[in-house]
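**Q** Given these sequences and hints, build the entire structure.
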Amino acid sequence: MSLLELKAISKNFGAIQALQGVDLEVDIGEAVGLMGDNGAGKSTLMKIVAGNYPPTSGEIRIEGRQVEFAQPIDARENGIEIVYQDLALCDNLTAAANVFLGRELKKSLGPFRWLDHRAMFERSGQIFGELKSETRPRDVVRQMSGGQRQAVAIARTRLSEPKLVLMDEPTAAISVRQVAEVLALIRRLKEAGHAVILVSHRMPDVFAVCDRVVVLRRGRKVADKAIAATSPEEVTGLITGAIEHA
Amino acid sequence: MSEISEKSHAEIDESITLHREMTGFQAAIRTQPFWVFLAILAIGVIMSFVSEPFLTDRNMFNITRNFAFFGIMALGMSAVICTAGIDLSVGSLMGLTGIVAGLVMQAGYGIVWGFLACMGTAAIVGIINGVLIAYLRMAPFVVTLGMLAMARSIAMVVSNNKMIYEFGPDQELFEWLGGESVFGIPNPVWVLIILTAVFWWVWRYSVWGRWVIAIGGNAQAAKLSGIPVERITVSVYVISALCAGLAAFLMVGWFGSVTNALGLTYELNVIAASVIGGANLMGGVVYAVGAPIGAGLMELIRNSLLLAGIDALWQQFFVGLFLILAVLLEQIRNRGRR
Chain A
1 MSLLELKAIS
11 KNFGAIQALQ
21 GVDLEVDIGE
31 AVGLMGDNGA
41 GKSTLMKIVA
51 GNYPPTSGEI
61 RIEGRQVEFA
71 QPIDARENGI
81 EIVYQDLALC
91 DNLTAAANVF
101 LGRELKKSLG
111 PFRWLDHRAM
121 FERSGQIFGE
131 LKSETRPRDV
141 VRQMSGGQRQ
151 AVAIARTRLS
161 EPKLVLMDEP
171 TAAISVRQVA
181 EVLALIRRLK
191 EAGHAVILVS
201 HRMPDVFAVC
211 DRVVVLRRGR
221 KVADKAIAAT
231 SPEEVTGLIT
241 GAIEHA
Chain B
1 MSEISEKSHA
11 EIDESITLHR
21 EMTGFQAAIR
31 TQPFWVFLAI
41 LAIGVIMSFV
51 SEPFLTDRNM
61 FNITRNFAFF
71 GIMALGMSAV
81 ICTAGIDLSV
91 GSLMGLTGIV
101 AGLVMQAGYG
111 IVWGFLACMG
121 TAAIVGIING
131 VLIAYLRMAP
141 FVVTLGMLAM
151 ARSIAMVVSN
161 NKMIYEFGPD
171 QELFEWLGGE
181 SVFGIPNPVW
191 VLIILTAVFW
201 WVWRYSVWGR
211 WVIAIGGNAQ
221 AAKLSGIPVE
231 RITVSVYVIS
241 ALCAGLAAFL
251 MVGWFGSVTN
261 ALGLTYELNV
271 IAASVIGGAN
281 LMGGVVYAVG
291 APIGAGLMEL
301 IRNSLLLAGI
311 DALWQQFFVG
321 LFLILAVLLE
331 QIRNRGRR
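Protein chains in written order, with the working numbering: chain A, 1 to 246; chain B, 1 to 338.
Hints are computed from structural coordinates only; laboratory data are not their basis.
From a predicted model like this one, the values you see are computed outputs, not experimental measurements.
Just so you know, not all the hints are guaranteed correct.
Unchecked claim - Dumping the calculated DSSO-like pairs for lysine-lysine here, alpha-carbon to alpha-carbon at most 27 Å:
1) A:Lys225 - A:Lys7
2) A:Lys163 - B:Lys223
3) B:Lys223 - A:Lys106
4) B:Lys223 - A:Lys47
5) B:Lys162 - A:Lys107
6) A:Lys190 - A:Lys47
7) A:Lys163 - A:Lys132
8) A:Lys107 - A:Lys7
**A** Set out below in structure tokens:
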């Protein structure tokens, strides 16, 4: 039984068929690279898994149980956390405040409740430590590098011990050195037993951290192979259509 | 080997973190209210040499009481500005809530009823503003500009364009609240002090405050984090309206009378006080102490001009000038930080 199982997922937007009968399975501790050209259906598929909109037809199963997501919060409650491409961080708040945004730790005395800054700094420092990131909990996000911001976004997902972390182009807009940092973060997530779906355009990143690669072309799945059994050349061919199917 | 280097990295990290930790004072001097406060002290020192009556108890009493009303409203305005919004209706709302309070008490009801009617009216107007802005996604500028006109008009209608100066059975208590003092400090100033302390706590320790600041930083991120952005946005406009209502209630007590012109053009001064106190119109920045400090600077300038014998017609000029200077200062400081 897989952690996440998508069966014959299709999605139509009016006359446009964005996805046609896509199957996908992801296991615990596994990282799957999802690749494809622009318009291949990657983001549509991710948005369905994230609960942004429902599929036109097909099933989503989590640990064998069929689920339906009406909104993103449903996906989160089922153990799916998303790291958005634009990172969705508040620049004016500290790293710790961002990690705990919307689920702040509180202290209470009678009817009074107040933010437990100390606990939030400590816990997020601990998470950054686990991720071996140099991010400091008290730093304001505005002053951070792309890699550190990525670490904050990933630390957010660690808070709820999710089963699956969806990452949308996490290495798109950052420097080479920071890419290495982010890839290391993804490996840590895997080691900690989280499943990861990595949506990426960057071949080296997918081959560096993923166990399997899935290629979409024009809304169909054209390949689903173990990384060890394929090559960047083959995947490139699959993405562009030079290779029909694998 | 790698374990050792990782450990020493961690140690280096920690020592950097410790060095980067700022003391409260270091953090304070990076804020706008601190510099404005220095400006207040500087002007105060100069004025005490230039003008004989400046440091008299009487003058200090006047200055502090006058700015208390603006400070109270600026506290609420700062919350609105923190969400990258604006509330232009506060001046008109003072007129409306002041008239409503007056009418209720003139009709023979006690001060409690007058106060509840005043704050209730404010809350309704705040909810209307907030719902239009948060749920119908209308621009705050337009909504509150419309409310500026409507609230003033309703104040004229319900007051029948007459002055109210009879405040029923609790007239004495009402006038004491707004016009008298406790331990030598005017009552509105006490209200401002207490509210500033409350807001200081709210911005630092409450979840609501944290969420308001987050919305100002990145509303979309706040939404994705599960923060009820619409509800919080409405609450911010209600807070601003309630502050205007409270200021009106105290001010009418001080004047001992109310007309529907109460608070006319005050929105300019309140926004200026908030911005001078460090609120950033782009959102995401708020200081509780900024409101009284910003309002204080403006009142001090007004008072100084008066004592220096400069024509009162120049007052609004200087309010506007300092508003622009405050924004300029903010920009220069931001550039230096990058």
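**Q** State for each hint whether it applies.
**A** Tested hints:
1. The hinted pair formed by lysine 225 (chain A) and lysine 7 (chain A) meets the criterion: a straight-line CA distance of about 17 Å does not exceed 27 Å.
2. Among the hinted pairs, lysine 163 (chain A) with lysine 223 (chain B) is consistent with the structure: their alpha-carbon atoms are about 22 Å apart, no more than 27 Å.
3. Restraint check: the Cα-Cα separation between lysine 223 (chain B) and lysine 106 (chain A) comes to about 20 Å, which is no more than 27 Å; the hinted pair holds.
4. For the given pair, lysine 223 (chain B) sits about 16 Å from lysine 47 (chain A) by alpha-carbon distance, which is consistent with the 27 Å threshold.
5. Under the criterion of a C-alpha separation no larger than 27 Å, the hint pairing lysine 162 (chain B) with lysine 107 (chain A) is inconsistent with the structure, at around 52 Å.
6. This hinted pair checks out: lysine 190 (chain A) and lysine 47 (chain A) have alpha carbons roughly 22 Å apart, not beyond 27 Å.
7. Among the hinted pairs, lysine 163 (chain A) with lysine 132 (chain A) is consistent with the structure: their alpha-carbon atoms are about 21 Å apart, no more than 27 Å.
8. The straight-line distance between the Cα atoms of lysine 107 (chain A) and lysine 7 (chain A) is roughly 44 Å, outside the 27 Å bound, and the hint therefore fails.
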